[in-house]
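> Single-letter residue listing:
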Amino acid sequence: MALDDTRLRDLLTQSHDLHSDAMETTRVALDEYVELAHDEPLHDDSWADVDPVTRRTTLLRGLPKSGVLAAAGLGTAMVALLASPAFANKTMDVQMLQTAASIENLAIATYDTALTLDFIGGASANAVVKAFVQKTKEQHQQHAEAFNAAVTRLGGKAQDQPDPVLLGVVNNAKPSLTGPAQVVDLAIELEDGAAQTYVANTGTYSNKNARIVTASIMGVEAQHVAILNAVKALLAGGAADLIALPPDAAKLPAAAGSVGFPNAFYPTTDARPANEGAMQ
Amino acid sequence: MRRSRKQQIAISEAELVGMTNDLEDAHHETLPSMRESLVEWSDSNEDIRTGITRLVSTASSRRAFLFGGGAVLGGVALAGSGLGNGLAAAATRSGLAVPAAVPGQKLTGDLAVVALAASLENLAVATYQAGIDAATKGSLGEVPPAVVTFAQTAQSQHKDHAAAWNGVLTGAGKKAVSGVDLTVKKSVDKAFAQVKDVPGLAMLALDLENSAAATYLSAIGVVKSPAGIKTAATIQPVEMQHAAILNFVLGEYPVPDAFAKTTGARSVKDKVG
Numbered sequence: 002m003a004l005d006d007t008r009l010r011d012l013l014t015q016s017h018d019l020h021s022d023a024m025e026t027t028r029v030a031l032d033e034y035v036e037l038a039h040d041e042p043l044h045d046d047s048w049a050d051v052d053p054v055t056r057r058t059t060l061l062r063g064l065p066k067s068g069v070l071a072a073a074g075l076g077t078a079m080v081a082l083l084a085s086p087a088f089a090n091k092t093m094d095v096q097m098l099q100t101a102a103s104i105e106n107l108a109i110a111t112y113d114t115a116l117t118l119d120f121i122g123g124a125s126a127n128a129v130v131k132a133f134v135q136k137t138k139e140q141h142q143q144h145a146e147a148f149n150a151a152v153t154r155l156g157g158k159a160q161d162q163p164d165p166v167l168l169g170v171v172n173n174a175k176p177s178l179t180g181p182a183q184v185v186d187l188a189i190e191l192e193d194g195a196a197q198t199y200v201a202n203t204g205t206y207s208n209k210n211a212r213i214v215t216a217s218i219m220g221v222e223a224q225h226v227a228i229l230n231a232v233k234a235l236l237a238g239g240a241a242d243l244i245a246l247p248p249d250a251a252k253l254p255a256a257a258g259s260v261g262f263p264n265a266f267y268p269t270t271d272a273r274p275a276n277e278g279a280m281q
Numbered sequence: 194m195r196r197s198r199k200q201q202i203a204i205s206e207a208e209l210v211g212m213t214n215d216l217e218d219a220h221h222e223t224l225p226s227m228r229e230s231l232v233e234w235s236d237s238n239e240d241i242r243t244g245i246t247r248l249v250s251t252a253s254s255r256r257a258f259l260f261g262g263g264a265v266l267g268g269v270a271l272a273g274s275g276l277g278n279g280l281a282a283a284a285t286r287s288g289l290a291v292p293a294a295v296p297g298q299k300l301t302g303d304l305a306v307v308a309l310a311a312s313l314e315n316l317a318v319a320t321y322q323a324g325i326d327a328a329t330k331g332s333l334g335e336v337p338p339a340v341v342t343f344a345q346t347a348q349s350q351h352k353d354h355a356a357a358w359n360g361v362l363t364g365a366g367k368k369a370v371s372g373v374d375l376t377v378k379k380s381v382d383k384a385f386a387q388v389k390d391v392p393g394l395a396m397l398a399l400d401l402e403n404s405a406a407a408t409y410l411s412a413i414g415v416v417k418s419p420a421g422i423k424t425a426a427t428i429q430p431v432e433m434q435h436a437a438i439l440n441f442v443l444g445e446y447p448v449p450d451a452f453a454k455t456t457g458a459r460s461v462k463d464k465v466g
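From first to last, the protein sequence lines are chains A and B.
So the first sequence is numbered by this note's numbering: it starts at 2 and just counts up by one.
So the second sequence is numbered by this note's numbering: it starts at 194 and just counts up by one.
Warning: the hint list may mix true and false statements.
To be verified - Just the calculated beta-carbon pair ranges, DEER-fashion:
1. A:156 <-> B:462: 36 to 42 Å
2. B:329 <-> A:92: 52 to 58 Å
3. A:110 <-> B:299: 52 to 58 Å
4. B:363 <-> A:135: 46 to 52 Å
5. B:363 <-> A:239: 47 to 53 Å
6. B:349 <-> A:92: 39 to 45 Å
7. A:117 <-> B:335: 38 to 44 Å
8. A:239 <-> B:356: 34 to 40 Å
9. B:335 <-> A:114: 38 to 44 Å
10. B:364 <-> A:271: 23 to 29 Å
11. A:176 <-> B:363: 50 to 56 Å
12. B:329 <-> A:249: 20 to 26 Å
Said to hold, decoys possible - Rough simulated footprint, nothing fancy, chain A against chain B, three-plus residues with beta-carbon under 8 Å:
13. 347-361
14. 427-436
Stated by the list, open to error - Listed below are the simulated SDA-like cross-link pairs for lysine to any residue, each with C-alpha atoms no more than 25 Å apart in a straight line:
15. B:330 <-> A:251
16. B:389 <-> A:247
17. B:352 <-> A:193
18. B:389 <-> A:249
19. A:131 <-> B:444
20. A:233 <-> B:444
21. A:233 <-> A:124
22. B:367 <-> B:301
23. A:233 <-> B:345
24. B:330 <-> B:352
25. B:462 <-> B:376
26. A:233 <-> B:348
27. B:417 <-> A:270
28. A:131 <-> B:443
29. A:233 <-> B:399
30. B:352 <-> B:366
31. A:233 <-> A:132
32. A:138 <-> B:444
33. B:330 <-> A:249
34. B:352 <-> A:270
35. A:233 <-> B:349
36. A:138 <-> B:443
37. B:379 <-> B:389
38. B:383 <-> B:444
39. A:138 <-> A:174
Calculated directly from the structure, the hints in this document are not laboratory data.
If you're wondering where the values come from, they're calculated on a predicted model, not measured in any experiment.
Glycine included, each C-beta is placed from N, C-alpha and C at the ideal position.
Based on the provided sequences and hints, a complete structural model is requested.
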């Protein structure tokens with residue numbers, strides 16, 4: 002395989018240095034939380050800059066439109082509850098941040114599991130894929146820390162558990178993780194779900210800094226998706242040898258140039274419900 | 194565009210094309226939600242206009258956005274290969290008038306940010322067109338087919354982004370921005386003049402993509418309109434995806450940062466024309 006281990010290590014080191022610069026944006030946003038937490042008591046209505054339609058849409062994301070819950074009238078009750086001013090304060094921001102942290106926690110656990118598989122983290126693994134999984138897991142750890150720091154600065158409790166619904170998806174998928182392609186598929190589902198959730202939530206937060214923290218992460222998850230999509234295509238085409246840094250660009254199939262980013266506008270149709278990973 | 198003949202690949206192109214088509218279908222499914230967002234924004238034009246003075250919520254964020262432009266593309270020195278001259282022509286061919294005036298239109302607040310975004314997208318479209326033209330002429334040597342596809346797809350998406358932003362402007366009763374960010378264009382012209390091969394073009398494109406993504410991230414922190422925030426939020430990740438693939442092609446680690454940066458974000462002080 003065309004892999005320069007030294008080069009890869011250098012790149013990862015450079016990446017770490019660059020990360021320190023990038024952290025500055027998030028740090029500034031988190032620091033401002035302290036000021037805002039002092040400036041804005043929890044009972045304040047901090048939705049002044051978010052329109053009611055956006056808030057309602059996000060609040061209702063994932064609620065059943067039919068079925069047992071709807072038949073029981075819970076949907077209507079939930080709508081009334083969520084629409085009340087008392088609920089529509091920082092609680093919503095905290096819930097979205099906790100859900101985000103829960104998605105990150107699940108991603109970390111899933112990549113940890115993947116690394117125990119020989120074809121991802123063992124001797125038979127593609128070295129670039131293994132390095133990517135390791136690095137991506139680290140980045141998710143940093144995301145989880147950032148989201149939880151935001152949660153606590155808004156007066157909530159840090160979420161250290163995985164998203165319960167997505168956990169079921171991962172657990173169901175585990176027996177079928179028999180090769181790199183299946184792991185990549187699962188990773189795409191998690192990364193894309195995270196990216197879509199953060200894109201959707203960015204337009205919903207009442208707290209500006211919660212919005213900035215989330216916005217600084219959503220694009221990174223989208224980048225994970227892009228690379229995973231490209232890797233998936235190469236694996237599907239039996240061209241795992243082209244998964245290398247640097248790649249042999251001349252040998253890459255034409256479609257590999259665009260398969261990573263299929264949407265001009267990042268979708269939100271698969272965004273997770275805002276309170277799915279919130280602490281009860 | 195002249196393609197590389199070194200295509201020794203054990204991969205089913207048909208399968209990949211099929212996957213791409215599936216993804217293309219998925220793309221079209223995302224457009225309705227974008228349209229809803231834009232309609233929502235148009236419906237709130239009055240809010241945008243009256244909210245101009247409330248555009249930035251803190252002094253620090255305002256400073257960061259207004260003066261955060263920095264030295265985008267500053268690392269590239271002048272040269273005289275003549276490729277730079279092709280940029281203006283390419284801009285015209287791609288449907289962008291350079292310079293395209295926005296006569297008698299003074300935009301402030303959220304709409305100024307929208308105009309800046311449109312001008313950056315227009316510049317990206319023009320730059321990719323210039324790259325495609327240069328490759329077609331053989332000025333860049335052998336061009337891998339994946340790079341061709343990347344440039345065409347990225348350019349198409351930037352056109353979509355520009356159209357989205359211009360839809361906001363026209364929906365607010367303003368004129369669409371057909372020109373480019375002239376401040377950045379100066380740097381792009383200098384950089385493009387030095388481009389002699391695919392990696393050089395990829396580096397230039399990477400700078401533009403990173404700058405656009407940084408600008409959107411900054412904008413998300415200062416734009417007042419919820420629909421504007423949502424629009425920027427659906428575009429910023431796509432620019433970052435472009436950057437990831439460019440990093441990969443260049444042999445760099447594709448996702449170097451755990452958090453997106455605002456370094457290199459453009460300012461509403463940039464000249465648009």
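> Hint by hint, which ones does the structure fall short of?
none
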